[in-house]
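Going line by line, the protein sequences match chains L and S. For the first sequence, our numbering begins at 6 and goes up steadily by one. For the second sequence, our numbering begins at -14 and goes up steadily by one.
Rather than coming from a laboratory, the hints here were simulated on the basis of the structure. The beta carbon of each residue, even a glycine, is placed where N, CA and C say it ideally should be. Some hints could be false.
What follows is a list of derived Cβ distance ranges for each label pair [claimed, not checked]:
#	chain 1	residue 1	chain 2	residue 2	range
1	L	G282	S	K106	52 to 60 Å
2	L	I298	S	R178	46 to 54 Å
3	L	E307	S	R109	32 to 40 Å
4	S	I118	L	N310	55 to 63 Å
5	L	F256	S	L230	33 to 41 Å
6	L	T254	S	G27	42 to 50 Å
Pairs of lysine to aspartate or glutamate residues, derived as DMTMM-like cross-links and limited to a Cα-Cα distance of at most 25 Å, are as follows [to be verified]:
#	chain 1	residue 1	chain 2	residue 2
7	S	K130	L	D38
8	S	K62	S	D73
9	S	K62	L	D130
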Amino acid sequence: MLSFISALPAAISQGLVWGVMAIGVYITYKILDIADLTVDGSFCTGGAVFVMLFGAGANIWLALLAAVLAGMLAGLITGLLHTACGIPAILAGILTQLALWSVNLAIMGMKANVAINIIDQTNLDKLLVSLRFVQDVAKGTRPFYRHPIFVVGLFTAAVIAILYWFFGTELGASLRATGANPNMARAQGINTNVGKVLGLMISNGLVALSGALLSQYQAFADASMGKGAIVIGLAAVIIGEVLLSRLFTNFALKLLAVSIGAIVYYIVIQAVVSLSGIDTNYLKLISAAIVAIFLAIPYWKERFNALLAKFIRKRGNIDA
Amino acid sequence: MLDVQNIKKTFNPGTVNEKTALRDVSLHMEEGQFVTVIGGNGAGKSTLLNAVAGVWPVDGGRITIGGVDVTYLPEHKRAKYIGRVFQDPMMGTAATMQIDENLALAMRRGRHRTLRIGIGKSERAEYREMLKILDLGLEDRLTSKVGLLSGGQRQALTLLMATLQKPKLLLLDEHTAALDPKTAAKVLDATERIVGKDHLTTLMITHNMKDAIAHGDRLIMMYNGRIVIDVSGEEKKKLTVHQLLELFGKVSGSDEADDTLLLS
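Hey, can you work out the whole structure from these sequences and the hints?
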């Protein structure tokens, strides 16, 4: 129990970082109605671009921006495969994801793992977030506002604010219409292909930002760091919805719910790990099972209600 | 206003499912004309409308709207000139968006969508006034999600959206077919009012011969991918269902009209 509580700040930090990615998944999955599998690749792309540029001495903000742009480029590729080449969205995402495996390795100089040098104190101080800072703030050697929860919290707030503004604009509204009803969107003069591509770009830009933040946080980028990212993203979206959909109806709050969903996910995972002592290799199995169950619940509920209605009707007939 | 010249369309060419839906159809509509279209299932009514709307490219022929050749324009670009209401009430509106958001999308039809705010401050008051015309109480539910509305309410809203930016051409594809008779009458009534107010050039498909005769100033009947009957002016005003059936029997050389038209 003690180990769980002491691991909580790190779990929350990590959840917040992944929450940025989950907000990206929300845009494609919920707003555009596309299950975009690019994210498993573009997450790592963000991390790889950041680590390489930062390692080469680039300004940290510039490195972050480059990571976001690289992610948007990945989204553009998936979008073009889908709209200009007529490939189903899921397959287009898988193709980009596969291609990105090679691309990511190439970015990292054909190495599967590249570390950020945080033994060098000036280098460490330049970072915006780091697992080290969690410990440093606890020890009192760093001010509280360098705590990853605080810093990534600010990032999340900024992302939500920008998205809230964007989806309220004419262009953003046309994107929402594209996802909600493409027939209606076209009849109202909206180019749904442009909408889908733009949505995929924004989404993967956020996913890459999250990857860049995670590589900073853990001080390395790894070719397989995005494996299963889409599942974590979906888990966050679904958990957020299950827990908070009644309370949070406003769009900005819905995005916040996604971020909270990611935090809850990581707290639960941390609890499972520290309390049960399970081999962490089983985490992916557990994650997949959790998401499958939550995705199935609405369907089961409907089937059950239909059965129940049928049963009641039959009973009624017999009674009469 | 609308000029359709010899358009052709065959679906699934070269397969067992090959179906020629339009055979050299030509139609010229003057500005302000209200044309009703009838015909049995598979006669090509909806295909004609979709061809004009640009849902897919035609195999041949030319389509001009208000002097602009739109034959090769994609659907979303033609939308600048066309207002549409679909048969399926779910198809014309975005269920997960609010009533005012749907209207705001329609208000910007044919315009470049920018990073300006999606609904201006003064717009909502304007929408409230317009919704009053429909007489469905929607003016008090501006921020309700459209998914909460009934089929009839959604159809009426779609109609308003289609005409918010005065279209050069209004296409109505059996827009009352999925509604109960009372609601259908209400939506048709609203259609008459809106079309009459702005003198909209309108092409309305209906499966109901009485409606086809009662509304509009010109009636065309389609059969087997062709326009077989075209009645307008005084002749149309005096037309009865019985006469129309007789006319159709003569043109098509069969009396199948009785079944396909009256039963559908």
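The hint says 42 to 50 Å between T254 of chain L and G27 of chain S; measuring C-beta to C-beta, is that right?
The hinted range 42 to 50 Å holds for T254 of chain L and G27 of chain S, with Cβ atoms some 45 Å apart.
Within a Cα-Cα threshold of 25 Å, do K62 of chain S and D73 of chain S meet the stated pairing?
22 Å, holds
If I claimed the Cβ atoms of G282 of chain L and K106 of chain S lie 52 to 60 Å apart, would that claim hold in this structure?
With a Cβ separation near 59 Å, G282 of chain L and K106 of chain S satisfy 52 to 60 Å, so the hint holds.
Using the C-beta atoms of F256 of chain L and L230 of chain S, is the stated range 33 to 41 Å upheld?
55 Å, violated
Under the criterion that the straight-line Cα-Cα distance not exceed 25 Å, is the pair K62 of chain S, D130 of chain L satisfied?
53 Å, violated
Distance restraint evaluation - I118 of chain S, N310 of chain L, Cβ atoms, bounds 55 to 63 Å:
For I118 of chain S and N310 of chain L the Cβ distance comes to about 39 Å; the hint is violated.
Is it true that the CA of K130 of chain S sits at most 25 Å from the CA of D38 of chain L?
Given pair K130 of chain S, D38 of chain L holds - Cα atoms ~18 Å apart, limit 25 Å.
Range hint 32 to 40 Å (beta carbons of E307 of chain L and R109 of chain S) holds or violated:
At 36 Å between Cβs, range holds.
Taking the CB of I298 of chain L and the CB of R178 of chain S, does the distance hold inside 46 to 54 Å?
52 Å, holds
Hints 4, 5 and 9 from the earlier list are contradicted by this structure; the remaining hints agree with it.
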